[in-house]
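Line order of the protein sequences matches chains A and B.
Counted the way the numbering used here counts, the first sequence spans residues 27 to 375.
Counted the way the numbering used here counts, the second sequence spans residues 191 to 463.
Treat the hints with caution; some may be incorrect.
[What the hints assert, rightly or not] Listed next, the in silico EDC-like pairs over lysine to aspartate or glutamate satisfying Cα-Cα at most 16 Å (straight line):
#1 B:Lys291 / B:Glu374
#2 A:Lys168 / A:Asp210
#3 A:Lys283 / A:Asp309
#4 A:Lys168 / A:Glu124
#5 B:Lys292 / A:Glu125
#6 B:Lys428 / B:Glu373
#7 B:Lys291 / A:Glu124
#8 B:Lys292 / B:Glu373
#9 B:Lys292 / A:Glu124
[What the hints assert, rightly or not] Some chain A residues near chain B, calculated using beta-carbon distances under 10 Å:
#10 Gln123
#11 Leu138
#12 Ser183
#13 Leu215
#14 Glu218
#15 Gly219
[As the list claims (entries may be wrong)] On the chain B side, residues computed to face chain A include the following (Cβ under 10 Å):
#16 Trp225
#17 Phe231
#18 Ala253
#19 Ala462
Please keep in mind that the hints were generated in silico from the structure rather than gathered at the bench.
Note that CB positions come from ideal geometry on N, CA and C, so glycine has one too.
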Amino acid sequence: MSQFNEAGEQPAILVEGLTKSFGEVHALRGIDLSVPRGTVLGVLGPNGAGKTTAVRILTTLLLPDGGRAVVEGHDVVREAAAVRRSIGLAGQSAAIQEELTGRENLEIIGRLYHLSRPETRRRAIELLEQFGLADAADRTAKTYSGGMQRRLDLAASLVGRPRVLFLDEPTTGLDPRARLGMWDIIRSLVAEGTTLLLTTQYLDEADELADEIVVIDHGLVIAAGTSEELKNRIGGDLIEFTVPDRGRVADAIAAIKPIGEGEPHADAETGVVSVGVGSRGSDALIEAVRALDAADIASHGLALRRPSLDDVFLTLTGHAAEDEQPNGRRRRSHGRRGAGDTDNAKVPS
Amino acid sequence: MTAITDSAWAPGLGYRIRWGISDTLTLTRRSLLVWYRVPAFIFFSVIQPVIFLLLFRYVFGGAILVDISGGYVNFLMPGIIAQTAAFATFGTAIVLAQELKKGVIDRLKSMPIARSAVLTGRLTADTGRMLVTILIMVAVGYLVGFRFLNGFGPAVAMVVLATVFGVAIACISAYTGLAIGDEEAVQSFGLIWLFPLTFLSSAFVPIATMPGWLQAFASHNPVTFVVNAMRAMALGGKLEPTLWPNLWRSAIWLVGIIIVFLPLAVRAYRRAS
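Chain A with its partners taken away, still in its complex shape:
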């Protein structure tokens, strides 16, 4: 069974009204996605937003309650076996056999894909070289660093040359250097034409890697578009400053409100105030200085900056992307500029 859109072109992934509940918990409450061939969709959301549930349904690990999902023209429920022949999956942890060497891990996967013995050996060597693991090929995976284990795991998901690759939080728990290495590898895969669905709670990761981004929160898609489109939704560039006298934050908001194109945001605790100013850039900056001076409000760190996806998330959901950390995963600052601020729990004023 094939699904074609109006243009006669079949998206690699098509999701319509997908729902899934676990008892009282509504993990997915009707999401729609469409991922054209050869593109990267970033699925962005905090822990518990429903990202992993969506990936598990798309990779046939979980049956949906309602709606439908089609991968490479095959329905994930009725044609699960055909879907499995088209996809690769790398999850949040390294699903590798630590007691075996990198080469053995890949060769076992190759045999499970029913490649011939010589083809299995060739494919393993090819992937080990591509992922910078050739030197460690015959060491047990236990001796690998966290980043190497993840790369081996990603390599394992590619043994069967999947047309669609699902990466569920591929860099969660990796140190910054290993993350950058992973990004390079993911970019090279995309360059080869693989369709990629990537979930992440790291806003800069979606920004770096994805052509299109959907933001999921509480099981619903709350925004979709390119990184630029999402940033424009909060009113272009931002002016941001800190008010040392917390008692005057409200006055500061009132003073700069006329300058902004959207509602100013303020963090009552840190005294950080920000407002979107569209494309008026430095003109708006001068106006802000004058307005604060006129209201006799002391401020420091006044600056104009490009919005990060953290700002987008804050605007869309009213809470920061990494507020919800039910499983105690460590908090990290991921904004690219002004990231330190966005980690604070800002609330829209």
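Dock chain B against chain A, hints included.
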């Protein structure tokens, strides 16, 4: 909604069986490679039964009177071997729970491999490991005075029965491991039922020495049937008449356990997340 079939690609039964076996063997080989790399896994599944053997042979054994040729050590060995086979399935439950947690099973389930292969591969490999453990125990038994008294054929039959018993228990353990899905939980209480099951039987002491209420349990315990049959196979002689009554009861129990728990394990595997 139509049935869950694969309309895009419907391979024949022969093809499916062939690749099902191939996938099972690949996954079996994976486990064997792990044990080859880390022989400690085998060592630890032997060390505990050896301690039990020495404990019962030399510490408690002197106080346990049995009317059997060759004395208590000959009474004890079939019981110890049955318990060894049952306890070896700890590994089955723990490894499945581990693989579930680490995402290994997710990875395998998302691949186009036979749906049964993860379980059949696990059970095949664990059966091999169990057999090695049983043979080591027989060898250790010989060192401490145990002797087969009924010839080679029945001795082999005893090892086979112990292994089939282990496979049946492995089905329960596989179900437990997949249903609990947490290594520590499985380790601490998932298989605690194996202790009363194996001790409250004829494995270590004659049932007649137990209080009446315990006898009622022990004499209906499947482990008792299995151990009695194993004992009759190993020792023969005046135990010969006890073979068939115990063997057919064992067979019914073991087939029953496999019929109930293998599908449960398969279902737990399919649902596991």
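Hints and how they fare:
1. For the suggested pair B:Lys291 and B:Glu374, the alpha carbons sit about 11 Å apart, so the restraint of at most 16 Å is met.
2. Taking the CA atoms of A:Lys168 and A:Asp210, the gap is about 24 Å. The hint is violated against a cut of 16 Å.
3. Distance check on the hinted pair: A:Lys283 and A:Asp309 sit about 15 Å apart at the alpha-carbon level, within 16 Å; holds.
4. Proposed proximity of A:Lys168 and A:Glu124 is supported: the alpha carbons are some 5 Å apart, at most 16 Å.
5. For the proposed pair B:Lys292 and A:Glu125, the alpha carbon gap of about 14 Å is at most 16 Å, so the pair holds.
6. For the suggested pair B:Lys428 and B:Glu373, the alpha carbons sit about 45 Å apart, so the restraint of at most 16 Å is broken.
7. The suggested pairing of B:Lys291 with A:Glu124 holds, with an alpha-carbon distance near 14 Å, which does not exceed 16 Å.
8. Proposed proximity of B:Lys292 and B:Glu373 is supported: the alpha carbons are some 10 Å apart, at most 16 Å.
9. Proposed proximity of B:Lys292 and A:Glu124 is supported: the alpha carbons are some 11 Å apart, at most 16 Å.
10. The closest approach between the C-beta of A:Gln123 and any C-beta of chain B is roughly 6 Å, which is under the 10 Å cut-off, so the hint is satisfied.
11. About 5 Å separates the beta-carbon of A:Leu138 from the nearest beta-carbon of chain B, less than 10 Å, and the hint is met.
12. Given the 10 Å rule on beta carbons, the hint for A:Ser183 holds: about 7 Å separates it from the nearest Cβ of chain B.
13. This hint is violated: A:Leu215 has a C-beta 17 Å from the nearest C-beta of chain B, more than the 10 Å allowed.
14. Hint status for A:Glu218 relative to chain B: violated, with the closest Cβ pair at about 20 Å, above 10 Å.
15. Taken as an interface hint, A:Gly219 does not check out: its beta carbon lies about 21 Å from the nearest beta carbon of chain B, beyond 10 Å.
16. The beta carbon of B:Trp225 is positioned within 10 Å of a beta carbon in chain A (closest approach about 9 Å), and the interface hint is therefore held.
17. Taking 10 Å as the C-beta contact cut-off toward chain A, the hint placing B:Phe231 at the interface holds, the least distance being around 9 Å.
18. A distance limit of 10 Å between C-beta atoms decides the matter here; for B:Ala253 the minimum to chain A is near 43 Å, and the interface restraint is violated.
19. A least Cβ separation of about 9 Å between B:Ala462 and chain A falls short of the 10 Å threshold, and the interface hint therefore holds.
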